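With these hints in hand, go ahead and build the complete structure from the sequences.
Same order as they appear, the protein sequences are chains H and P.
Each residue of the first sequence is one higher than the last, beginning at 1 in the working numbering.
Each residue of the second sequence is one higher than the last, beginning at 1 in the working numbering.
Just so you know, the hints here were simulated from the structure itself, not pulled from any lab data.
Some clues are possibly wrong.
Taking lysine to any residue pairs in the SDA-like style, the calculated list, with each CA pair at most 20 angstroms apart, reads [what the hints assert, rightly or not]:
| # | chain 1 | residue 1 | chain 2 | residue 2 |
| --- | --- | --- | --- | --- |
| 1 | H | K1 | P | R41 |
| 2 | H | K42 | P | E44 |
| 3 | H | K1 | H | R72 |
| 4 | H | K100 | P | S7 |
| 5 | H | K42 | P | S7 |
| 6 | H | K68 | H | T58 |
| 7 | H | K68 | P | N102 |
| 8 | H | K68 | P | E103 |
Chain P regions said to be covered by chain H (calculated; three or more residues, Cβ under 8 angstroms) [said to hold, decoys possible]:
| # | segment |
| --- | --- |
| 9 | 40-51 |
| 10 | 102-115 |
All values derive from a computational prediction rather than experimental measurement.
No residue lacks a Cβ here, since even glycine has one placed at the ideal position from N, Cα and C.
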Amino acid sequence: KQEVTQIPAALSVPEGENLVLNCSFTDSAIYNLQWFRQDPGKGLTSLLLIQSSQREQTSGRLNASLDKSSGRSTLYIAASQPGDSATYLCAVRLTDSWGKLQFGAGTQVVVTP
Amino acid sequence: DAGVIQSPRHEVTEMGQEVTLRCKPISGHDYLFWYRQTMMRGLELLIYFNNNVPIDDSGMPEDRFSAKMPNASFSTLKIQPSEPRDSAVYFCASHIGGLYYNEQFFGPGTRLTVL
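If you want it as structure tokens, here you go:
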């Protein structure tokens, strides 16, 4: 059974520092991996989608890498800002369940001014 | 595009009452998903539709839960009768074609409290 883990569960950094968020999964049989952001009381916002054949995706200050063989993905956020404070979730799309998304529990990030 | 729209945003009801949550997916999206989020269990998929047809409802917790999609622009999730343990945030999400490769887009959620 696929398990998705995000460590740490919470992270606090001063403004300007780079953020590094980790996501690990136990089964490398995935179609893709998606990173989301969730603000308190709000829905999930899609940040980046990495297909299983890709090694990384970039969007502005965000960069996500994928190492399928080792079951890991990392989301980098450069030059963090207080507006980056949110919970970040990763989700893998499984190959053995019609493409169902399996979510991690998330990392809660606080960027202090 | 307005994104995925859900209503109501908040619902407070008493145990035993019927609750209906509504969702309008992004226009043109042919896949629709209902999720539930709680602190204890995180995000759980309840059911998903393709072209208005329910494909997998294995995540629906009990017979008290039912979902319909009468047309491409509207879906409902109904709980009857509701119980306190149903309190959670319910999300609707949609995406277009190519089930395995495309991004899912989420609505803002409905926060349900059952007293």
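Quiz item: So which hints don't hold here, by number, going up?
Solution: 4
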